[in-house]
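**Student:** Spelled out, the chains give:
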Amino acid sequence: MNENKIRVLVGKPGLDGHDQGAKVVVRALMDAGFEVIYTGLRKTPREIAEAASNENVDVIGLSSMAGSHIPFCQKLKPLLKEYDLEDKLWIIGGNVPKKDHEALQEIGIDAVFPTGSNFEDIIDYIKNRYRQLA
Amino acid sequence: MTEKKIINESGIEVKELYTADDVEASGGTDMVGLPGQYPFTRGIHREMYRKRPWTMRQYTGFANAKDTNERFHYLIDNGQTGLNVAFDLPTQTGLDTDDPRAEGEVGRVGMAVDTLRDFEIAFDGIDLEKITVSLTINGSAAILIAMYLAMAEKRGYDVAKLRGTAQNDILKEFIGRGTWIFPVEPSIKLVGDTIEYCAKYAPKYSPVSVCGYHIRESGATPEQEMAYAFCIAKAYADDMLKRGLHIDEFAGRLSYNFNIFGNIFEQVAKFRAGRGLWAKIIKEDYGAENPKSMWLRMIAAGGGGGLTIEQPENNIVRGAYYALISALSGTQTMALCCYDEAYTIPSEYAQRISLRTMQMLIEEMGLCETVDPLAGSYYVETMTNEMRKKMEQTMAEVEAEGGIVKMVSEGSIQAKVSAQAYEMQKNIQSGAFPKVGVNCYQTEEEEKEVEFHDYNIHDAEQQIENLNAVKAERDQAEVDRTLTQVKRDAEAGNNVMPAIVDAVKAYATVGEITKKLVEVYGMYQEPIRF
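Protein chains in written order, with this note's numbering: chain A, 1 to 134; chain B, 1001 to 1530.
Hints listed in this document are in silico derivations from the structure and should not be mistaken for laboratory results.
Some hints here could point you the wrong way.
[Unchecked claim] Simulated restraints on C-beta separations: (1) K5(A) x G1287(B): 52 to 60 Å; (2) E1364(B) x T115(A): 44 to 52 Å; (3) D121(A) x R1481(B): 55 to 63 Å; (4) G33(A) x D1238(B): 42 to 50 Å; (5) N1078(B) x D87(A): 36 to 44 Å; (6) E1313(B) x G33(A): 51 to 59 Å.
The structure presented is a predicted model; accordingly, all values stated were derived computationally and were not measured.
Where a beta carbon is used, it is the ideal one built from N, C-alpha and C, also for glycine.
All chains, full assembly: derive it from the sequences and hints.
**Tutor:** Structure representation (structure tokens):
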């Protein structure tokens, strides 16, 4: 395995089962050369934090389509601290309306990629931020 | 100069011009026939919409039973002729409102249901003989079907005459949509239990609506949408035959749910081809004798996958074309995703526009005046033949790979459609697959102000209070007794429906009944494959 590969967790938080978008992003990130770990559906905040910690990822990406992104991220935030993941890049994509972006940024999310975002934008963002953090 | 070939999404080349020769070369007109007659390519009824227009059934449900009941009445007052109930994710995944995993999700994407009491409130004042109800429920469908039947019985309806539909297609949930609970095999067994139970006690009720719809949303092509749905329906039918039922005892109550977006003629051909192919399968492969068993009854719904978050008003126009396709395709029931649905749970206003769209086709545009108006078009008949061949080929490929159940269990079909979704997304991003307002004809504009459906945390708190009130009132000994029976029947491999019906009548909760079944069946573990 390439030691230098950026490791990305793509997680499906909560009970929402719409995974087409998450899986498509997984494939795009894999094609871009990232090491991608996909959690599968219906993960609790603790399961996401645990997976991110166990897999030693650089980026935690969440895909939310059914509207519960704010309460989920609120619950995930203290767990990121508990698992010593606060320095990881934290991004979210999916059906996330603009009116929620500010609230998410206040919680600590680094970037929001709503429905319709280009793969390139997501990939470039991760690469640039990773370079800055490294 | 060679001209660029035009290939539709299903992989069929579209020619510049079609003539009678193309119809002949593609297989002729043997499968066309007449509406109301085998092979039903032109429609399952002789008179189709002249006798009765399609049922209009917008997908609706949010917060709690009381709020949802009010929206149901609003839609019925506006001329809607059926109901299609949306449930929240805790209900869909077998969790009660007070389960920690339900926190933040109660009443969010549909109505919260814990006990029979919620059904009593949701359908209060609705005439269940006039308005047929479709329950969009899968993982916990056995429980919610039991609740619907119990609610109707309590209201004095004869369950033996009760009409209605449950989605209850668990195999497609493993491919797309994702509200599974139990592993694949016991999940199919549960679907079988509902079909068997309804065949006996509620023979007018449609316990399963096999969904190509969500498979298409997950990345399948139009022909795969139909082919995979048929493979799934066959898996349920095979389970019934193993139980000793004859095909004519249940096939007439199987129905379908299909998607509409994309090329108009490809869609119309898809439905016409699908009707003929399904009739042929049920007659020739399963030996059905009753023509009703061979009917492909369907809801053809204007699909969310075609709508865009960009320039949302354009979705009103897309919806109108989808409704037109649906009408030209001879559907029994129609629903349209609303223009604001890429953002939010549809507003009353958006729901009304969708409803009016369908009503315009009925009242103003002449869509109900003659049956299968596109029949005889060289293009449509050729494409119908080509689509049917494609579907047969895809079904044969599934068989060659060990069947749909095996492919779903291994995750290979999920990987296949998801790879296709990725290719499609790349094509949209590159502009190779044009999408108006997305990759061409974009306008610089602020995110549109759509009326957002407000999620109200107090609704969830209220729902927990209601649940506690029901729990305080119910006969706990009866609840315990019926739940124990559910578990016993599951362990013994009996049909669990009679025990579930008893449990819901005792006001056992969705979560309590699911827990008993999980103790026996276990939980599904998702195969992760790319």
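**Student:** Against this structure, judge whether each hint is valid.
**Tutor:** Hints versus structure:
1. K5(A) x G1287(B): 52 to 60 Å: Cβ of K5(A) to Cβ of G1287(B): about 57 Å, so the range 52 to 60 Å holds.
2. E1364(B) x T115(A): 44 to 52 Å: The hint (44 to 52 Å, Cβ to Cβ) is violated, given that E1364(B) and T115(A) are roughly 34 Å apart.
3. D121(A) x R1481(B): 55 to 63 Å: Cβ of D121(A) to Cβ of R1481(B): about 58 Å, so the range 55 to 63 Å holds.
4. G33(A) x D1238(B): 42 to 50 Å: Cβ of G33(A) to Cβ of D1238(B): about 44 Å, so the range 42 to 50 Å holds.
5. N1078(B) x D87(A): 36 to 44 Å: violated (54 Å)
6. E1313(B) x G33(A): 51 to 59 Å: violated (40 Å)
In this structure, the earlier hints numbered 2, 5, 6 are contradicted, and the remaining ones agree with it.
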